[in-house]
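J.: Listed below are the residues making up each chain.
There are 4 protein chains.
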Amino acid sequence: MRGPVKIVATVGPSSASASILAQMLSLGVDVARINTSHGSVDQWSSMLESLRRAEEAVGKRVGVAVDLEGPRVRTSNSALVKLEKGDLVTLGYMEGDIPVDSKQFFEALDEGDIVLLDDGKIALQVESVEGFQVKARVIEGGVLGPRKGVVVRGKEPDLPPLTARDRSALEFFADKGVSHVYVSFARSAEHVEKVRSIIRRLGLRHARVFAKIEGPSGVRRIGEIAEASDGVIIARGDLGMHYSLEELPEIQELIVMEARRRHKTVVLATEFLSSMIEKPVPTRSEVVDIYQAVLQTADALMLTGETAVGRYPVKSVQWMAKISSRAYRKLAASPPEKPRPTSTPYKLALGLVELAESLDAPLVVYSKTGRFAERLASFRPLKTFYVGVPSREVERVVRHLWGAEPVVVGDHPYEAGLARTYEKLRSENIIHGDETVVEAAWSSERGIYIIRVRNLEF
Amino acid sequence: MRGPVKIVATVGPSSASASILAQMLSLGVDVARINTSHGSVDQWSSMLESLRRAEEAVGKRVGVAVDLEGPRVRTSNSALVKLEKGDLVTLGYMEGDIPVDSKQFFEALDEGDIVLLDDGKIALQVESVEGFQVKARVIEGGVLGPRKGVVVRGKEPDLPPLTARDRSALEFFADKGVSHVYVSFARSAEHVEKVRSIIRRLGLRHARVFAKIEGPSGVRRIGEIAEASDGVIIARGDLGMHYSLEELPEIQELIVMEARRRHKTVVLATEFLSSMIEKPVPTRSEVVDIYQAVLQTADALMLTGETAVGRYPVKSVQWMAKISSRAYRKLAASPPEKPRPTSTPYKLALGLVELAESLDAPLVVYSKTGRFAERLASFRPLKTFYVGVPSREVERVVRHLWGAEPVVVGDHPYEAGLARTYEKLRSENIIHGDETVVEAAWSSERGIYIIRVRNLEF
Amino acid sequence: MRGPVKIVATVGPSSASASILAQMLSLGVDVARINTSHGSVDQWSSMLESLRRAEEAVGKRVGVAVDLEGPRVRTSNSALVKLEKGDLVTLGYMEGDIPVDSKQFFEALDEGDIVLLDDGKIALQVESVEGFQVKARVIEGGVLGPRKGVVVRGKEPDLPPLTARDRSALEFFADKGVSHVYVSFARSAEHVEKVRSIIRRLGLRHARVFAKIEGPSGVRRIGEIAEASDGVIIARGDLGMHYSLEELPEIQELIVMEARRRHKTVVLATEFLSSMIEKPVPTRSEVVDIYQAVLQTADALMLTGETAVGRYPVKSVQWMAKISSRAYRKLAASPPEKPRPTSTPYKLALGLVELAESLDAPLVVYSKTGRFAERLASFRPLKTFYVGVPSREVERVVRHLWGAEPVVVGDHPYEAGLARTYEKLRSENIIHGDETVVEAAWSSERGIYIIRVRNLEF
Amino acid sequence: MRGPVKIVATVGPSSASASILAQMLSLGVDVARINTSHGSVDQWSSMLESLRRAEEAVGKRVGVAVDLEGPRVRTSNSALVKLEKGDLVTLGYMEGDIPVDSKQFFEALDEGDIVLLDDGKIALQVESVEGFQVKARVIEGGVLGPRKGVVVRGKEPDLPPLTARDRSALEFFADKGVSHVYVSFARSAEHVEKVRSIIRRLGLRHARVFAKIEGPSGVRRIGEIAEASDGVIIARGDLGMHYSLEELPEIQELIVMEARRRHKTVVLATEFLSSMIEKPVPTRSEVVDIYQAVLQTADALMLTGETAVGRYPVKSVQWMAKISSRAYRKLAASPPEKPRPTSTPYKLALGLVELAESLDAPLVVYSKTGRFAERLASFRPLKTFYVGVPSREVERVVRHLWGAEPVVVGDHPYEAGLARTYEKLRSENIIHGDETVVEAAWSSERGIYIIRVRNLEF
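Residue numbers (UniProt numbering), protein chains in the order written: chain A, 1 to 458; chain B, 1 to 458; chain C, 1 to 458; chain D, 1 to 458.
Bear in mind the hints are in silico, worked out from the structure with no lab data behind them.
Just so you know, not all the hints are guaranteed correct.
Given that identical chains are not distinguished, each listed pair holds provided it fits within a single copy or across any two copies.
[Claimed, not checked] Dumping the calculated DSSO-like pairs for lysine-lysine here, alpha-carbon to alpha-carbon at most 27 Å:
hint : residue 1 : residue 2
1    : K338      : K383
2    : K148      : K60
3    : K155      : K315
4    : K194      : K155
5    : K279      : K315
6    : K368      : K194
7    : K315      : K85
8    : K279      : K148
9    : K330      : K368
10   : K155      : K279
11   : K121      : K176
12   : K103      : K135
13   : K121      : K279
14   : K82       : K315
15   : K315      : K330
16   : K103      : K368
17   : K330      : K135
18   : K338      : K135
Every value quoted in this text rests on a predicted model; they were computed, and no experiment measured them.
Bound conformation, chain A alone:
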């Protein structure tokens, strides 16, 4: 059986076909991520189309996450540029050996800074800065493709939170059933709030906003950012360019802790199975990495290049499912202590989780917006819990959460919604008639919450 940890898979060339996607979904993908840094409206349309067909084929709907490009500086070369160690090169605003697309980038630069290109594969050291004219020495060479990311180690140029591309991406996706928006390079609560207000304006009523922590500001302000977000994503890729890699495990632990104490969804991302881009089997390191991520109680783990451009998108999903499910068994054998909540909604959620765990019974609830499911998930229930939801929109939202299994039953008052949910689980034989089940819902009477334990035999 699958454990409660969810899998986010990035859709890309390797996984753009409905048949590949269908395999991935059936093997465990819970959320499909579209990275708007790449591709065009046509390509995104076609991805969504494939995804719809895959969902139909498999009979399962997944979360759809749009990952914005965000305030990233990029090179604006259109041809390949060869850079050899020791070369002295020029960087300029839209000109020079390495043309760069942002003026703010040049304002942030100082002599001695390390500039990393293409996810850190190429490194330069700045020797002089004169306005938008920079000379830099190549300290790690390579061939630079077009539109590659540019990072100044430890610095973040003061760019607006969303690019024009981001805005048109959001407009495009506004009516496409998106359930999650990932805010790249989240730097402050204000940054997250801004994206949230835009997507609300665009009519994405339920879409959750997750902040990607990928630079020093994100780490420093993790508290306020987590507070302002529905979830946080630990983007180990960019973090690894600002910090020395050996610092990442501690940063990862810190972010998980800060998010969990605020009851927010936690996603871990980047290079979980990077060797599988080329090979059908993971390395021992990758197994340990995924295993530890589950022990740290992340809600979800993300595959990026593995499924977007790798040779083995399906096998990558399969391995991630196998490893995380094994790690879950270990976790369940000595479950971590649950956080002690201070507000009533979380106290109720904790109480329900403890009641269900004490009875070793699955929990069934009905959640109109998915918020209650988020609260339940935040206590990491050891058993799958079933969440009746009014619509596909909310279904996709809930699919992202630790241990949650959504069921669409239409919009009803709470008690009726719960009854429909139970019926559906019964009719689909997900719940058999004879095991103990804990159901919970608001009563029609004001201020009363009802919990029903079914099939309780003494």
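Following the hints, position chains B, C and D against chain A.
T.: Leaving out everything else, chains B, C and D in the frame of chain A:
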């Protein structure tokens, strides 16, 4: 406020009047104990009568516990016997300097044995045994009153579990509303079962059977005895004659642990406030002793001589209530881990307690027999829980349990019983209309258990 | 075998004879306490004389502690005064129904105050105060003897730290081999320092100063007082007049913790075996109290009335030794965590204790002043450690410490002192030639400390 | 600063030059491993020669570990064999499409078995077995090079513990200063003992025997194997062919635990930085893997392909040092509990480690054979400890141990050896004259062990 630890007070000459009893009840006595080793049917009648009047005066009904004499050997002298250290005296069956009322006693004796009289105040060492003729040297002297207990250190003569006196006591009490029978010198599960079958035959439907552990067999067989009983009483008085006193704290800890892991009621007894027999204020030692007993999570603490024959029965109750309530505050600040149950009824009870504690809300249930209240109490809920019961009989049973507050509402189906309980608590203003409350009961539908959280405001 | 917890016994009428004292010493008394509130110079002389003879008879020297009267208000009546509940009585400075010996007492009084006489046995409530004329109602009656203590609940009149009696007592004891001075009613670090400077001036070079915490100021300033003292005494008698008795266990725990984190000696006092003033056997409560005091890791427990005026001084010592030794076995089975020191001398002491415990070997050291022994004791070593000392003076000091066994070997450089200590332990067969022993001493070379593990067989 | 975790690097084509080796040594390699599955006597000679030169250049000597080929079945093809998924192929003893070099292999085979070639890159499923004629279907294709390993999943053919190649390798290395022999495919205590007796016969007096756990027998008999060995190596490569990869983290944890409770050296091996065979920077997974291995308190981590055939042998060492040192900081902040030893030599070692840690001082010892250093290392001291040794042979042995820094000072009685060690550390300014140091050695006097704390200032 009173903590959840219950107080058992022995009724005796000092507390035989209704007015004294009324004060004791209002200050915190939850169970009145009648020790049938002493007194006559007339005296017991009059105690019950006083108790009824006291209950009416105070508007509170308490548990009524009959403590059987049990298989205790006694002297059969009618006059005082003076014994001086060094004297050589004779013991015989109903004859000699110290006449003894049991033939089995003589069979158990060997040369060198230590014989303790009158709770250990007088000690003899056996020098020779010839049939029912024993010569012994006084090693601790004193004046021996009539009908005093006789103990051979480390040995238990093979007496029948109940004396004739016990049987007639049980017959007398059979229709007097007794809620608990304390089985003295409990030596085995069989012993307890025997008493249970007798009291069932006498029609005491609900009366609980508690085993008093007061000798080596009881300690050795604590597992089976706890299993066979509804509760255990750690009778430190007699235990202290069989074991050296410094061993008692470990024995006490062991018995508490064995009983709690079987979810049985635990009562600690003897010499909690013995200085208060003479003085109005406890010693520092006594304060520490009561404090520790609460930290050990006993359900109830028993007063014996303090209220039966002491000069300050009312003050004794008052001090025990004050000290145990203070110790409870300490316990509540770092609550002990709850035992993990294996059977469904206990899992449900634990789940309810955890739900209520997570919501910091009182729990309200309806229990036809008190069994469910026993299960809830076994997890030591931190808040008082309210138990609707059909009758005074069950009310008295429930009164003995950690944290339980019984309410008589008549015999009803579960849901109706719960509704009446809630109404009554509301009408008596024990529960106000605005605080969160967790209610739980069996539904009329088969196999369904319903929990209702009232006044839940988000 | 005796455990490491030391016993302080108060010398008084019941224990003034050399033969009684000899029995007490041989059964486990480590420190003899003389309470200078009572008795005269002649009586103290005779006590010391008896003690010397007892020591010789037993071949063991003990600590001699002088417990000062301190700033206690007393009544100055010479005859008995009978007080009945409800009486209205007058208190005045050296006059009235109840004459009182202190003007400051009257300044502290307010209407409504509770005045406790004779250790709280008699209680009055103040109805009016006019200068040194006070009217009060008896709320707890009794017969008032001469020179009884007077306490105003929760208040401490502003008296000088030492009385004239204290000063003459100190002068008398200055050349009598006193090892400890107990400062009664210690209220501040300054208070303790004052006594320390006086006893230094009197030539008591080694005598340790222990602060008795017996009132609200002592509790409030426990940090600074512990810092200024060599040890603290938790005087539960007077504390119980200022605080409600049920608060004492928490106060006791607090003081132990504050003293231990400063590595100070901790003594617990009052009413450990108060029933044994009259009876030969302790109550169950008293057993639990002593047991818990050991589990709290007090260095020493004090007997007061039990040995001073009780009927069973020798048996009291015997029981305290038996119970504390049993409790020690429990403690040793799951030893408490050791405090982590921050200064080098304590780090060395901890390292030695851990080395010896790892090897399960006794530790042997030579300590010129006893300070090093105090450091070792502060980590509560599980095995007896042997401390060679230069003089009887230091021997008496060391005798008071947890686990320490002093041996007088004369004044030598450290290494020689250690060698003599080892020889003596060998010649007295305390250490046999074949068990592993850890020895430690300063080397003659500057800055080098030497540890020797003897009889280490692989 | 380097942490205490040691780095084993495999010497191979990428690291065969003295200059590369010199860089690797200076960046943190503690043990050079020569894998005798590959190469010839000439190549091994040349590796040793390069290593000697590198050691001289850097001024540091490292452990030299010979990793035996062990009982591994191999293909005996000399040309490449192309295998496509779905092909039906024949395997035969030294013949067929895939010739195999072992008759026992065929005896172990059954229909349905999975045969893995070349570290699992190619997989076949057996369809029929007739003597030494096997037909199998290719289920994972690839190009098979010559002399590749053959594994039957979950089975181990009954091969002799050492191959002819192993014996000649041992003979070759017998006089080359080898410090460690790694026993591949260790299956039982007997297996390890056999290798140990051979290497003793060959005159390798000090060489330690480490068992490589790489198959089901090794895991099943981990207890007896660890007991018989000086250390264990968790060879995640082959283990991953017998077990599903997701089981490896639990197996790794089990083996570490079993070895540590027997105080044996623990080495973790395989794929720590496999991406660095091609790329200059590790993946996030690899960082987490190394980090976790240190938190699991392995003594040493092994690099294989990374330094043997990778493009970045030096950078691999550098990254491993950086990551493990960071992880060590985390470990030191909340140090794991030390195992409690039962025999005297280990108790002494633990006592010394605790003494030194309490004083926060480095430990200096003199160890003739390295055994004492192994004991100290088994308690994972938080600070580097210095070990004087008589010879280069022992130096190389000690270099492999957690936290140990060996110093060659010649063969002396213990006290003199320790003195020389201290002098040398002083003269090389590794220890300055002013910090606290704990020295320990056997005294010349029988049964006496001496510990000296230097520069102890109070």
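J.: Run every hint past the structure and note whether it holds.
T.: How the hints compare with the structure:
1. K338 <-> K383: Both, since 14 Å and 21 Å are each at most 27 Å.
2. K148 <-> K60: neither (36 Å within a copy, 44 Å between copies)
3. K155 <-> K315: between (37 Å within a copy, 26 Å between copies)
4. K194 <-> K155: Close inside one copy (22 Å), not across copies (60 Å); limit 27 Å.
5. K279 <-> K315: both (10 Å within a copy, 23 Å between copies)
6. K368 <-> K194: Classified as within: same-chain Cα gap 25 Å, cross-chain 59 Å, threshold 27 Å.
7. K315 <-> K85: between (37 Å within a copy, 16 Å between copies)
8. K279 <-> K148: This pair counts as both: shortest intra-copy Cα distance 25 Å, inter-copy 19 Å.
9. K330 <-> K368: Neither, since 33 Å and 42 Å both go past 27 Å.
10. K155 <-> K279: between (35 Å within a copy, 25 Å between copies)
11. K121 <-> K176: Neither: 35 Å inside a chain and 42 Å across chains, both beyond 27 Å.
12. K103 <-> K135: Result: close within a single copy only, 16 Å intra versus 67 Å inter.
13. K121 <-> K279: both (21 Å within a copy, 9 Å between copies)
14. K82 <-> K315: Between copies only: 23 Å across chains, 34 Å inside a chain, cut-off 27 Å.
15. K315 <-> K330: within (23 Å within a copy, 34 Å between copies)
16. K103 <-> K368: So K103 and K368 fail the 27 Å test inside a copy (46 Å) and across (67 Å) alike.
17. K330 <-> K135: Answer is neither; intra-copy 53 Å and inter-copy 40 Å both fail.
18. K338 <-> K135: Neither: 53 Å inside a chain and 55 Å across chains, both beyond 27 Å.
In summary, the structure is inconsistent with hints 2, 9, 11, 16, 17 and 18 from the numbered list given earlier, while agreeing with the others.
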